[in-house]
Amino acid sequence: MADPRTSVINDRLKRIGRIVAVSSGKGGVGKSMVATTLALTLAKKGCRTGLFDLDFTSPSTHIILGAKYAQPREEKGLIPPMVEGLKYMSLVYYSGDNAAPLRGADTSNALIELLAVTLWGDLDYLVIDMPPGIGDAVLDLIRLVRRIEFLIVTTSSQLAFETVKKLVALLQDLKVPIVGIVENMKMTESKNVRQQTEKLGLKFLAEIPYDAKIESAIGDTEKLLDTALARKVKEIAQKV
Amino acid sequence: MHEWALAEAVIATATQIAEKEGLKQVTEVTVKIGELQQVEREIFRFALMQLKPASFKNVKFHITTAKTTLKCRVCGNTWLFKKNKLDKATAEAIHFVPEVAHVYIKCLKCGSPDFEIAEGRGVWLESIKGAK
Numbered sequence: 003m004a005d006p007r008t009s010v011i012n013d014r015l016k017r018i019g020r021i022v023a024v025s026s027g028k029g030g031v032g033k034s035m036v037a038t039t040l041a042l043t044l045a046k047k048g049c050r051t052g053l054f055d056l057d058f059t060s061p062s063t064h065i066i067l068g069a070k071y072a073q074p075r076e077e078k079g080l081i082p083p084m085v086e087g088l089k090y091m092s093l094v095y096y097s098g099d100n101a102a103p104l105r106g107a108d109t110s111n112a113l114i115e116l117l118a119v120t121l122w123g124d125l126d127y128l129v130i131d132m133p134p135g136i137g138d139a140v141l142d143l144i145r146l147v148r149r150i151e152f153l154i155v156t157t158s159s160q161l162a163f164e165t166v167k168k169l170v171a172l173l174q175d176l177k178v179p180i181v182g183i184v185e186n187m188k189m190t191e192s193k194n195v196r197q198q199t200e201k202l203g204l205k206f207l208a209e210i211p212y213d214a215k216i217e218s219a220i221g222d223t224e225k226l227l228d229t230a231l232a233r234k235v236k237e238i239a240q241k242v
Numbered sequence: 134m135h136e137w138a139l140a141e142a143v144i145a146t147a148t149q150i151a152e153k154e155g156l157k158q159v160t161e162v163t164v165k166i167g168e169l170q171q172v173e174r175e176i177f178r179f180a181l182m183q184l185k186p187a188s189f190k191n192v193k194f195h196i197t198t199a200k201t202t203l204k205c206r207v208c209g210n211t212w213l214f215k216k217n218k219l220d221k222a223t224a225e226a227i228h229f230v231p232e233v234a235h236v237y238i239k240c241l242k243c244g245s246p247d248f249e250i251a252e253g254r255g256v257w258l259e260s261i262k263g264a265k
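Listed in order, the protein sequences are those of chains A and B. Mapping of the first sequence onto the numbering used here: residues 3 to 242, in sequence order. Mapping of the second sequence onto the numbering used here: residues 134 to 265, in sequence order.
What the hints contain is simulated information worked out from the structure, not anything from laboratory work. Each hint should be verified, as a subset may be incorrect.
[As the list claims (entries may be wrong)] Label pairs and their calculated CB-CB ranges:
{"no.": "1", "chain 1": "B", "residue 1": "149", "chain 2": "A", "residue 2": "225", "range": "44 to 52 Å"}
{"no.": "2", "chain 1": "B", "residue 1": "200", "chain 2": "A", "residue 2": "161", "range": "43 to 51 Å"}
{"no.": "3", "chain 1": "B", "residue 1": "217", "chain 2": "A", "residue 2": "164", "range": "36 to 44 Å"}
{"no.": "4", "chain 1": "A", "residue 1": "225", "chain 2": "B", "residue 2": "260", "range": "55 to 63 Å"}
{"no.": "5", "chain 1": "A", "residue 1": "197", "chain 2": "B", "residue 2": "187", "range": "53 to 61 Å"}
{"no.": "6", "chain 1": "B", "residue 1": "161", "chain 2": "A", "residue 2": "203", "range": "49 to 57 Å"}
{"no.": "7", "chain 1": "A", "residue 1": "3", "chain 2": "B", "residue 2": "247", "range": "44 to 52 Å"}
{"no.": "8", "chain 1": "B", "residue 1": "245", "chain 2": "A", "residue 2": "136", "range": "38 to 46 Å"}
{"no.": "9", "chain 1": "A", "residue 1": "172", "chain 2": "B", "residue 2": "208", "range": "34 to 42 Å"}
{"no.": "10", "chain 1": "B", "residue 1": "152", "chain 2": "A", "residue 2": "59", "range": "51 to 59 Å"}
{"no.": "11", "chain 1": "A", "residue 1": "105", "chain 2": "B", "residue 2": "149", "range": "23 to 31 Å"}
{"no.": "12", "chain 1": "A", "residue 1": "149", "chain 2": "B", "residue 2": "149", "range": "13 to 21 Å"}
{"no.": "13", "chain 1": "B", "residue 1": "149", "chain 2": "A", "residue 2": "83", "range": "30 to 38 Å"}
[As the list claims (entries may be wrong)] From the derived model, a few chain A residues whose C-beta atoms are all more than 10 Å from chain B:
{"no.": "14", "residue": "10"}
{"no.": "15", "residue": "16"}
{"no.": "16", "residue": "30"}
{"no.": "17", "residue": "46"}
{"no.": "18", "residue": "60"}
{"no.": "19", "residue": "72"}
{"no.": "20", "residue": "78"}
{"no.": "21", "residue": "165"}
The beta carbon of each residue, even a glycine, is placed where N, CA and C say it ideally should be.
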């Protein structure tokens, strides 16, 4: 007759100020790094912030955070642990370091389950690290989370931006708010992405230069917040 | 006590359906629980009783259990989920998010993790009855 879980999702999220899904048209654009750094920056500013890794098959935010031993607490639902100042939720608590071979329907079910049983409590921001592209997670969040907003990450590559255009077209069609577009790993002076973003009627949030040192900051949030990327993400946090 | 969150979802959905159908008093709610999620029936029933609104005053909760059937997408083998074949940590992980079964369970015949949870996944609201 009915899946009961979907009816409590918006209730679970009602004490959250803003819910921002960090997305991309394709993979490899640094979306998880931007999402994690954005969440850490908001927390550093004094905002109560949560980070939810919805990239179930390729999760990486726990590695960026260096979250090793945290586990959710069970109390009338699941209470995400505090990791580096963030309320942090990920499927890795349950899948460990193993491969999670999930098909679309399984991804949907796992996402609905976690949205239905996670008790976030009071937050100013919930940042969601999305899987790349227009898949089940994007469609489910649009369907189930009333106040969802999207922040889109791309690289300077025309290939990446072409996929962004498709994501933007879908979101605009469905009247889902888009916070803006971030150009990541920028290596040239080209204004192409900025111009195309403005052409789409969207806010160009920042251009983040390619930073070879970022790799050494993985797992060390203090180091991460001291990178060129973090300085640019700080600008984004002002605009969000 | 994660059963509590699932019970809240059942009550919220049953309330919405009752309102939609114009039921002033709900007398029966039938919930099906898939074995895969290993919901503790008594905790779940207790939570339902604690959470029920005034319009559910005389409600009877029927909780049925469905066996979990897994069907391999590669070789077509069908088998039943058995909790006692899992260690405690694995059983608990599947309890919280049943889809992580794909991480820990493989087809008994060909070893593939690419199987379908054909039946008996989690909590499902089967029916509600009441008076208008």
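Confirm or reject the claim that residue 152 of chain B and residue 59 of chain A have a C-beta distance inside 51 to 59 Å.
38 Å, violated
Okay, residue 3 of chain A versus residue 247 of chain B on CB: inside 44 to 52 Å?
29 Å, violated
Distance restraint hint 43 to 51 Å, applied to the beta-carbon atoms of residue 200 of chain B and residue 161 of chain A
The hint (43 to 51 Å, Cβ to Cβ) holds, given that residue 200 of chain B and residue 161 of chain A are roughly 48 Å apart.
Nearest-CB test (10 Å) between chain B and residue 10 of chain A
4 Å, violated
Whether residue 60 of chain A stays farther than 10 Å from all C-beta atoms of chain B, as the label says
Per Cβ check, residue 60 of chain A is outside 10 Å of chain B; nearest 14 Å; holds.
Please confirm whether residue 165 of chain A is truly not at the interface, meaning its C-beta sits more than 10 Å away from all C-beta atoms of chain B.
27 Å, holds
Non-interface claim for residue 72 of chain A, where every Cβ of chain B lies beyond 10 Å:
15 Å, holds
Does the beta carbon distance between residue 149 of chain A and residue 149 of chain B stay inside 13 to 21 Å, or does it fall outside?
Cβ of residue 149 of chain A to Cβ of residue 149 of chain B: about 20 Å, so the range 13 to 21 Å holds.
In this structure, is the beta-carbon distance linking residue 197 of chain A and residue 187 of chain B contained in 53 to 61 Å?
60 Å, holds
C-beta pair residue 105 of chain A, residue 149 of chain B: status relative to the range 23 to 31 Å that was hinted:
29 Å, holds
Beyond 10 Å from every chain B Cβ: check whether that's true for residue 16 of chain A.
13 Å, holds
Quick one: are residue 172 of chain A and residue 208 of chain B within 34 to 42 Å, going by C-beta?
Since residue 172 of chain A and residue 208 of chain B have Cβ atoms about 37 Å apart, the given range 34 to 42 Å holds.
Checked against the numbered hints above, the structure violates hints 3, 7, 8, 10, 14 and 20; every other hint is satisfied.
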